[in-house]
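J.: Given next are the chains, with one letter for each unit.
Number of protein chains: 2
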Amino acid sequence: MGLELTILGSNSARPAYGRFTTSQYLNVGSQAFLIDAGEGFQLQLNKFGLKPNRIQNIFISHLHGDHILGLPGFLNSLNLGGRTKPMTIYSPPGLKEWFTLFQELSTGHLSYPLEFIDLTSNSSQVVLQTEEIKVTAFPVEHRIPTYGFRFDESLKEFNIDPDKIKALDLTITEIKEIKSGMDIIREGKRIPFQDIVFPRKPSKSYAYCADTNYTDLFLDLIKNVDLLYHEATYLKDMTEQARERKHSTAEEAAKIATMARAKKLLIGHFSSRYKDLQPLLAEAKEIFQNTYLALDGDKHLI
Amino acid sequence: MGLELTILGSNSARPAYGRFTTSQYLNVGSQAFLIDAGEGFQLQLNKFGLKPNRIQNIFISHLHGDHILGLPGFLNSLNLGGRTKPMTIYSPPGLKEWFTLFQELSTGHLSYPLEFIDLTSNSSQVVLQTEEIKVTAFPVEHRIPTYGFRFDESLKEFNIDPDKIKALDLTITEIKEIKSGMDIIREGKRIPFQDIVFPRKPSKSYAYCADTNYTDLFLDLIKNVDLLYHEATYLKDMTEQARERKHSTAEEAAKIATMARAKKLLIGHFSSRYKDLQPLLAEAKEIFQNTYLALDGDKHLI
Numbered sequence: 000m001g002l003e004l005t006i007l008g009s010n011s012a013r014p015a016y017g018r019f020t021t022s023q024y025l026n027v028g029s030q031a032f033l034i035d036a037g038e039g040f041q042l043q044l045n046k047f048g049l050k051p052n053r054i055q056n057i058f059i060s061h062l063h064g065d066h067i068l069g070l071p072g073f074l075n076s077l078n079l080g081g082r083t084k085p086m087t088i089y090s091p092p093g094l095k096e097w098f099t100l101f102q103e104l105s106t107g108h109l110s111y112p113l114e115f116i117d118l119t120s121n122s123s124q125v126v127l128q129t130e131e132i133k134v135t136a137f138p139v140e141h142r143i144p145t146y147g148f149r150f151d152e153s154l155k156e157f158n159i160d161p162d163k164i165k166a167l168d169l170t171i172t173e174i175k176e177i178k179s180g181m182d183i184i185r186e187g188k189r190i191p192f193q194d195i196v197f198p199r200k201p202s203k204s205y206a207y208c209a210d211t212n213y214t215d216l217f218l219d220l221i222k223n224v225d226l227l228y229h230e231a232t233y234l235k236d237m238t239e240q241a242r243e244r245k246h247s248t249a250e251e252a253a254k255i256a257t258m259a260r261a262k263k264l265l266i267g268h269f270s271s272r273y274k275d276l277q278p279l280l281a282e283a284k285e286i287f288q289n290t291y292l293a294l295d296g297d298k299h300l301i
Numbered sequence: 000m001g002l003e004l005t006i007l008g009s010n011s012a013r014p015a016y017g018r019f020t021t022s023q024y025l026n027v028g029s030q031a032f033l034i035d036a037g038e039g040f041q042l043q044l045n046k047f048g049l050k051p052n053r054i055q056n057i058f059i060s061h062l063h064g065d066h067i068l069g070l071p072g073f074l075n076s077l078n079l080g081g082r083t084k085p086m087t088i089y090s091p092p093g094l095k096e097w098f099t100l101f102q103e104l105s106t107g108h109l110s111y112p113l114e115f116i117d118l119t120s121n122s123s124q125v126v127l128q129t130e131e132i133k134v135t136a137f138p139v140e141h142r143i144p145t146y147g148f149r150f151d152e153s154l155k156e157f158n159i160d161p162d163k164i165k166a167l168d169l170t171i172t173e174i175k176e177i178k179s180g181m182d183i184i185r186e187g188k189r190i191p192f193q194d195i196v197f198p199r200k201p202s203k204s205y206a207y208c209a210d211t212n213y214t215d216l217f218l219d220l221i222k223n224v225d226l227l228y229h230e231a232t233y234l235k236d237m238t239e240q241a242r243e244r245k246h247s248t249a250e251e252a253a254k255i256a257t258m259a260r261a262k263k264l265l266i267g268h269f270s271s272r273y274k275d276l277q278p279l280l281a282e283a284k285e286i287f288q289n290t291y292l293a294l295d296g297d298k299h300l301i
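Chains A and B, in that order, are what the protein sequence lines are. Numbering that gives the first Met the number 0 applies: residue 0 is where the first sequence begins, and numbers increase by one. Numbering that gives the first Met the number 0 applies: residue 0 is where the second sequence begins, and numbers increase by one.
What the hints contain is simulated information worked out from the structure, not anything from laboratory work. Among the clues, some could well be false.
Any copy will do: because identical chains look the same in the list, a pair fits if it lies in one copy or spans two.
[Said to hold, decoys possible] Simulated pairs of lysine-lysine, DSSO-like, Cα-Cα distance not exceeding 27 Å:
#1 Lys298 with Lys84
#2 Lys50 with Lys274
#3 Lys155 with Lys235
#4 Lys165 with Lys235
#5 Lys46 with Lys245
#6 Lys222 with Lys155
#7 Lys178 with Lys263
#8 Lys84 with Lys50
#9 Lys46 with Lys274
#10 Lys163 with Lys274
#11 Lys84 with Lys235
#12 Lys155 with Lys178
#13 Lys200 with Lys84
#14 Lys46 with Lys298
#15 Lys235 with Lys254
Generate the whole structure from the sequences, applying the supplied hints.
T.: Pasting the structure below:
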């Protein structure tokens, strides 16, 4: 099916130079995920022609304003649009309380079921698994509880070559076994399932790491991803500031991508001190050549 | 000094067709007022070249999302910019609690003093009076407690013609009296103060009425304003819906402007059902010719 990522916002702390704060839209087949929810991201969905109602799951890394302030307006707009499909939001605890208070003050209600799932684990955990996708949340290192997310396409059953079904006169049980990757035995001889099925497309993966200090804490969890988004708030001459605020530099994001053996790196969460982002890109590319800037509206086919 | 209004957003309920939700920026001399705070209005300030730090007072009509959701991000951004000037927010009760919870969840702090003043009165009240401006809040009729605001330039002291000071040999006490508009008596004869002072520019006024049902409840309070903003969510064929949702039609806004003897009418808070706003304008103009649409970025010198 393929994963397709659209950047809705990439700026840290507050919008600047037309760049919205952090938010991403990940198409995963029959639905879309929202990753973080910076102020006004619903305007970006509209601008980039993305369908709000495809979103069924929202993953919030942490409760700083630049990652959550677009949420109440968006949830409200879905209600006005008469949505009935359920919505689930994964985030560190507190979001439900804040949204509920807003609903009370504005005497709002929702036309669809809304569920908040609190992320509290100190280790990684699979928070969602469907036929299409598996989502793993893992703690990263920031000033308040913060999670990264890894998205892996679920492996589909193997497709059997119909000619082989005939030639081998396969039983229903054998077909089931082969589809799940098991060999079969005929006249005491093992026939490898690979000889009977079509080659399968590899599962694609995306890892989102923001906001986080430079750390190898979660390195094992983002290994070999096809696309890695790692925050790069500052240039390396601001490393001290990065440590203090628990952020990373462009060089550090590139080091993580290298160590993780990621195929491609996307950097974002740019400090408002940088109007021109090219120096950040150049700094990362020196370490990890296949780096791109996360720019509002850019699409990345994973 | 003159009042200058800039429309930051004019759409009701949710952003649509590039129109932001309700927010206005009113320049009143040495400072600016923000009237309502729709999602992402800080992006509009930036786009229209308006200075966030000129804002020292914020007037919130009511706590529906389309009038408050831009507030947390804006207050946060001022902090990031190192603001030290105090900020005061006037609104129906609840906003402080909601913002405080957000600050707790995001462990945020502010670099400047922030005061929330709750509007609870059932009648009109002067909520702010400076040398430049007087602000009166008054209840309007909506689904939740909602206030309109009237802004009147404060009348300056009269300026005395210096030639007259000499010719009449005015005393310090007489000068004070004339400046405040009192006549003086010379040899038993009254000299009208108008003969001694320069003509004074009339005080300009602006009234903001949103969101509100069509009602004459506050008509006396918006009499003779130079500019009246009145919500016009629907066309008149939606009058039933307007009554039910406690909103007004374009025709009704125009009737209010006529009855209030306003000099100019600005209509806004457009339903997302209207992509083209010209029918709303035409409907209002049939009753009140001097009507304008509140369009994002438009400026009105009052």
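J.: Hint by hint, say whether it matches the structure.
T.: Hint check results:
Only within a single protomer do lysine 298 and lysine 84 lie at most 27 Å apart by alpha-carbon distance; the minimum there is 26 Å, versus 41 Å between protomers. For the identical chains of this complex, lysine 50 and lysine 274 are inter-copy neighbours only, at 19 Å across copies versus 30 Å inside a copy, given an alpha-carbon limit of 27 Å. Within a single copy, lysine 155 and lysine 235 get their C-alpha atoms no closer than 42 Å, and across copies no closer than 56 Å, so neither meets the 27 Å cut-off. Within a single copy, lysine 165 and lysine 235 get their C-alpha atoms no closer than 63 Å, and across copies no closer than 71 Å, so neither meets the 27 Å cut-off.
For the identical chains of this complex, lysine 46 and lysine 245 are neighbours neither inside a copy (32 Å) nor across copies (31 Å), given an alpha-carbon limit of 27 Å. When the C-alpha separation of lysine 222 and lysine 155 is checked against a cutoff of 27 Å, the pair qualifies only within one copy, where the shortest distance is 21 Å, while the shortest distance between copies is 71 Å. Taking identical chains as interchangeable, the C-alpha atoms of lysine 178 and lysine 263 are never at most 27 Å apart, the minima being 31 Å within one chain and 74 Å between chains. Only within a single protomer do lysine 84 and lysine 50 lie at most 27 Å apart by alpha-carbon distance; the minimum there is 13 Å, versus 42 Å between protomers.
Taking CA atoms no more than 27 Å apart as the test, lysine 46 paired with lysine 274 passes in both settings, with 22 Å inside one copy and 15 Å between copies. In this assembly of identical chains, the alpha carbons of lysine 163 and lysine 274 never lie at most 27 Å apart, being 60 Å within a copy and 59 Å across copies at closest. When the C-alpha separation of lysine 84 and lysine 235 is checked against a cutoff of 27 Å, the pair qualifies neither within a copy, at 45 Å, nor between copies, at 33 Å. Taking the shortest alpha-carbon separations for lysine 155 and lysine 178, only the intra-copy value of 9 Å comes in at or below 27 Å, while the best inter-copy value is 87 Å.
Taking the shortest Cα distances, lysine 200 and lysine 84 never come within 27 Å of each other, neither inside one copy (31 Å) nor across copies (59 Å). Both within a single protomer and between protomers do lysine 46 and lysine 298 lie at most 27 Å apart by alpha-carbon distance, with minima of 13 Å and 25 Å respectively. Only within a single protomer do lysine 235 and lysine 254 lie at most 27 Å apart by alpha-carbon distance; the minimum there is 12 Å, versus 63 Å between protomers.
Checked against the numbered hints above, the structure breaks hints 3, 4, 5, 7, 10, 11, 13 and satisfies the rest.
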